[in-house]
Amino acid sequence: MSKQYLTAHTVDEAHPAEIFSLAPTPTSILSASGSSALRVHSTTDPSFPLQQTIPAAHKLGCHHVCTARGGLGTVAASVGFGGEIKVWTRNRAGNNDTAGEDEWRLDWELAPSSSKADGGGDVWAVALSADEGYLACTTSDGRIHVWDIAARERIQTYETGARGGGSFAMAVDLSRDGRLTASGHESGAVYVFNNDAGRMVYSLSGLAKPVRAVAFSPGCKRLAAAGNAGIIALYDMEHGEHVGNLTTPSTRPAWITSLDWNDTGEYLLSGSLDGKVKVWDVARGVCVATHSETESALWSVRWLPKTERALGPGMGKSEMFCAAGASRSLTFYREATGS
Amino acid sequence: MRVAATFAPFLSSVLCWVPSFIDSRQPHETAFNSGDVVQFPAASHRGAGALSQIEALLEAIVDAVHSGDELVIPYRSVRSPQNTSDAGLVSADRDGRSTDGVRFPGRTIQETWKFEALFRIIELSHAALLSGHVITKRNIYYQNPELFRSQSAVDNMVDNLAFTLGVGREDLNIVAAAKGLVSGPIDLILCDGSIHSCDTSTDTGVLLPSVASIRQINFRAARWLLVIEKEAKGFPDLTTRRFLCALHSIRPDLGISVLVDFDPDGVAIMRTYRYGSKRLGHEENVATPQLRWLGILSDDILLDVTSGDNESQEGSQSLPGQETSIQGSQNERPTKRARVTKANTPAESISPLSQRDRKKAVEVMREISAAGSMNGDEANQMRELQRMLMLNIKAEMQMVDNYGDITGWLDIKLTVQI
Numbered sequence: 001m002s003k004q005y006l007t008a009h010t011v012d013e014a015h016p017a018e019i020f021s022l023a024p025t026p027t028s029i030l031s032a033s034g035s036s037a038l039r040v041h042s043t044t045d046p047s048f049p050l051q052q053t054i055p056a057a058h059k060l061g062c063h064h065v066c067t068a069r070g071g072l073g074t075v076a077a078s079v080g081f082g083g084e085i086k087v088w089t090r091n092r093a094g095n096n097d098t099a100g101e102d103e104w105r106l107d108w109e110l111a112p113s114s115s116k117a118d119g120g121g122d123v124w125a126v127a128l129s130a131d132e133g134y135l136a137c138t139t140s141d142g143r144i145h146v147w148d149i150a151a152r153e154r155i156q157t158y159e160t161g162a163r164g165g166g167s168f169a170m171a172v173d174l175s176r177d178g179r180l181t182a183s184g185h186e187s188g189a190v191y192v193f194n195n196d197a198g199r200m201v202y203s204l205s206g207l208a209k210p211v212r213a214v215a216f217s218p219g220c221k222r223l224a225a226a227g228n229a230g231i232i233a234l235y236d237m238e239h240g241e242h243v244g245n246l247t248t249p250s251t252r253p254a255w256i257t258s259l260d261w262n263d264t265g266e267y268l269l270s271g272s273l274d275g276k277v278k279v280w281d282v283a284r285g286v287c288v289a290t291h292s293e294t295e296s297a298l299w300s301v302r303w304l305p306k307t308e309r310a311l312g313p314g315m316g317k318s319e320m321f322c323a324a325g326a327s328r329s330l331t332f333y334r335e336a337t338g339s
Numbered sequence: 001m002r003v004a005a006t007f008a009p010f011l012s013s014v015l016c017w018v019p020s021f022i023d024s025r026q027p028h029e030t031a032f033n034s035g036d037v038v039q040f041p042a043a044s045h046r047g048a049g050a051l052s053q054i055e056a057l058l059e060a061i062v063d064a065v066h067s068g069d070e071l072v073i074p075y076r077s078v079r080s081p082q083n084t085s086d087a088g089l090v091s092a093d094r095d096g097r098s099t100d101g102v103r104f105p106g107r108t109i110q111e112t113w114k115f116e117a118l119f120r121i122i123e124l125s126h127a128a129l130l131s132g133h134v135i136t137k138r139n140i141y142y143q144n145p146e147l148f149r150s151q152s153a154v155d156n157m158v159d160n161l162a163f164t165l166g167v168g169r170e171d172l173n174i175v176a177a178a179k180g181l182v183s184g185p186i187d188l189i190l191c192d193g194s195i196h197s198c199d200t201s202t203d204t205g206v207l208l209p210s211v212a213s214i215r216q217i218n219f220r221a222a223r224w225l226l227v228i229e230k231e232a233k234g235f236p237d238l239t240t241r242r243f244l245c246a247l248h249s250i251r252p253d254l255g256i257s258v259l260v261d262f263d264p265d266g267v268a269i270m271r272t273y274r275y276g277s278k279r280l281g282h283e284e285n286v287a288t289p290q291l292r293w294l295g296i297l298s299d300d301i302l303l304d305v306t307s308g309d310n311e312s313q314e315g316s317q318s319l320p321g322q323e324t325s326i327q328g329s330q331n332e333r334p335t336k337r338a339r340v341t342k343a344n345t346p347a348e349s350i351s352p353l354s355q356r357d358r359k360k361a362v363e364v365m366r367e368i369s370a371a372g373s374m375n376g377d378e379a380n381q382m383r384e385l386q387r388m389l390m391l392n393i394k395a396e397m398q399m400v401d402n403y404g405d406i407t408g409w410l411d412i413k414l415t416v417q418i
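Sequence lines, in order, name chains G and D.
Residue numbers for the first sequence follow the UniProt record's numbering, beginning at 1 and rising by one.
Residue numbers for the second sequence follow the UniProt record's numbering, beginning at 1 and rising by one.
There's no promise every hint is true.
[Stated by the list, open to error] Computed list of chain D residues with no C-beta within reach of chain G, every gap over 10 Å: (1) 107; (2) 112; (3) 123; (4) 134; (5) 218; (6) 235; (7) 355; (8) 369; (9) 379.
[Unchecked claim] Stretch-level coverage of chain G by chain D, calculated; a stretch enters the list once three of its residues show a Cβ under 8 Å from a Cβ in chain D: (10) 53-63; (11) 189-202; (12) 213-224.
[Claimed, not checked] The following label-pair restraints were derived from C-beta to C-beta distances: (13) D:145 / G:198: 55 to 61 Å; (14) G:198 / D:371: 26 to 32 Å; (15) D:372 / G:336: 16 to 22 Å.
It should be emphasised that the hints constitute simulated quantities derived from the structure, not laboratory data.
Heads up, the beta-carbon is just placed ideally off N, CA and C, and yes, glycines get one too.
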């Protein structure tokens with residue numbers, strides 16, 4: 001039994017360079033690309049209009065932008081190729097303020113020298129805690145720094161190797177309950193840290209090839225990890241056990257660049273360099289939908305959070321996701337209704 | 001650094017030289033073709049100026065000796081770009097040069113030594129200019145290793161002297177030791193009348209002579225030129241860059257392509273051939289902006305890492321026999337070319353970026369960004385570096401060869417150009 005998804009809309013040439021990262025809020029989606037501007041498109045209108053352009057956000061382009069999974073969508077963080085981190089805020093959506101007050105504004109900037117802290121490796125991936133209070137960012141020498149956004153100070157640094165000798169941490173995620181941090185590394189290693197205890201709790205094996213995405217399930221019971229191995233490894237977070245892989249029969253699956261759980265934790269979304277976006281039924285361990293608009297590489301795939309707000313006409317109530325990458329366009333999919 | 005430049009008349013002739021430089025111990029190669037003898041442009045008209053400046057300098061010193069004044073050699077440094085930190089705020093002082101003179105007796109022992117060494121270089125340059133011969137930097141060093149202490153000291157002083165006098169290094173009749181190799185059906189006719197035929201297709205090619213010493217080139221049937229960089233340990237040398245620039249000026253119809261590794265140094269090398277280098281920004285006629293970046297590009301790699309199940313089972317990719325098959329493919333073009341677009345990927349040709357690579361990539365991106373307007377070429381370079389960082393991989397050109405035979409891949413790439 002497969003699920004049916006349809007292309008709801010495509011925003012062509014959403015950026016002048018390829019899109020590396022997506023970050024949804026309940027009402028919009030932020031996108032980051034190889035050009036210097038961040039863009040925000042509305043996700044409550046069937047034409048997904050451009051809501052805001054943040055010019056000159058990152059001079060050399062931006063490789064990661066994130067919002068809190070399951071959060072209010074009032075804080076975002078982005079990392080530029082130059083190594084700078086920027087934290088953006090906006091007023092809580094939906095209180096019928098003037099449009100101007102709904103815009104994203106720069107809240108805090110960490111220059112490359114301070115973002116990497118103690119002269120360590122350059123900053124790469126970022127994640128925000130569900131309460132939008134903490135920022136986790138990885139470095140090229142395998143560390144994970146955690147910052148308190150309100151206090152503007154670094155409260156934790158997790159090391160994954162002898163000082164400065166860790167493997168490049170390519171991916172990071174924070175569990176929605178705020179308890180765990182996970183990192184995925186070039187070496188294929190996946191580490192899980194307990195934030196209360198401030199130490200590593202699990203060192204997970206199983207992928208052996210660079211890990212490009214890690215994601216906690218909404219209930220914080222599972223961790224999914226994927227990358228160059230082309231398969232998705234699932235780990236149980238109670239005991240740190242490898243509980244299964246999601247794969248399709250293929251001798252040489254394409255590198256997976258992005259992972260995202262839907263809000264119920266039933267489905268996982270994956271995007272890969274061959275341009276394919278896949279929806280996986282986690283309980284059954286099977287791929288239930290595969291889509292490919294082009295064959296060009298996908299860098300980011302994200303579910304749009306289910307929202308309480310009334311959506312514009314024609315939006316329906318079905319679950320949606322967005323995929324972006326080398327094609328420079330944003331492609332929105334929605335589940336076919338009536339099935 | 002290893003660079004190879006290649007000219008070939010017909011695609012088929014490429015095959016002859018390719019295997020040799022893939023495994024070549026020599027820095028450079030070039031193969032050629034075309035049918036006509038073309039007068040090489042007089043290398044520079046500044047040479048006479050350099051001689052009179054050097055003589056004026058020597059006279060001033062002699063005068064100072066007579067009058068008992070302090071001896072001064074005007075001397076300014078081309079500031080090394082090294083100290084540009086990654087703080088992101090730099091790049092402001094593009095024109096970072098410091099002004100000074102070197103005195104005798106100096107204020108320090110260091111300065112006294114510097115004066116002596118510099119004076120010796122000036123003497124040697126003067127003698128070379130008078131006799132019409134060219135002296136290499138290496139040669140200068142071995143004139144008196146104790147005095148000069150290191151080759152790099154000589155290199156720096158020569159470049160700073162040229163910069164101070166507002167001339168090119170070659171105007172002082174000083175060149176770097178030849179590193180480039182030329183291979184292909186062309187003849188270089190030198191000022192002394194000797195003819196260097198470069199179509200020794202099976203061998204390692206001919207060492208590229210200094211541009212000043214070339215009188216004519218017989219292009220015969222050469223239709224294009226390929227510059228190949230191998231084992232980037234340094235930067236494209238001035239002699240090769242001058243040679244390319246001169247070739248383009250006399251035969252603009254001759255397409256010039258460059259093949260470099262897919263890594264930050266490869267991009268930097270390609271950019272140096274195209275735009276010149278920051279450190280030697282005072283040198284003229286050393287950039288060839290028309291150069292086409294043939295590869296390795298991210299698409300060549302993406303094609304490979306994204307290929308689904310269709311072919312290349314794991315087992316077939318890592319056959320060890322790469323080295324040996326090089327020898328076998330020297331003479332005949334292989335009849336099978338089915339897999340050229342997606343050549344095998346020996347595991348060792350793709351590797352993760354080191355931290356140094358990642359820093360270097362950002363450095364090159366800053367340079368591109370600082371250059372101002374993003375035209376298509378620059379946007380393209382940015383994209384390649386961004387993808388490199390995203391993928392976190394680099395690839396050597398063996399990545400596109402077919403067990404040591406790169407001709408299939410070149411056929412496709414160059415056909416697009418011609």
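Results for each hint:
no.: 1; hint: 107; result: holds, 36 Å
no.: 2; hint: 112; result: holds, 38 Å
no.: 3; hint: 123; result: holds, 46 Å
no.: 4; hint: 134; result: holds, 42 Å
no.: 5; hint: 218; result: holds, 45 Å
no.: 6; hint: 235; result: holds, 23 Å
no.: 7; hint: 355; result: violated, 5 Å
no.: 8; hint: 369; result: violated, 6 Å
no.: 9; hint: 379; result: violated, 7 Å
no.: 10; hint: 53-63; result: holds (count 4)
no.: 11; hint: 189-202; result: violated (count 0)
no.: 12; hint: 213-224; result: violated (count 0)
no.: 13; hint: D:145 / G:198: 55 to 61 Å; result: holds, 58 Å
no.: 14; hint: G:198 / D:371: 26 to 32 Å; result: violated, 45 Å
no.: 15; hint: D:372 / G:336: 16 to 22 Å; result: violated, 49 Å
In the structure shown, a violation is registered for the earlier hints numbered 7, 8, 9, 11, 12, 14, 15, in ascending order.
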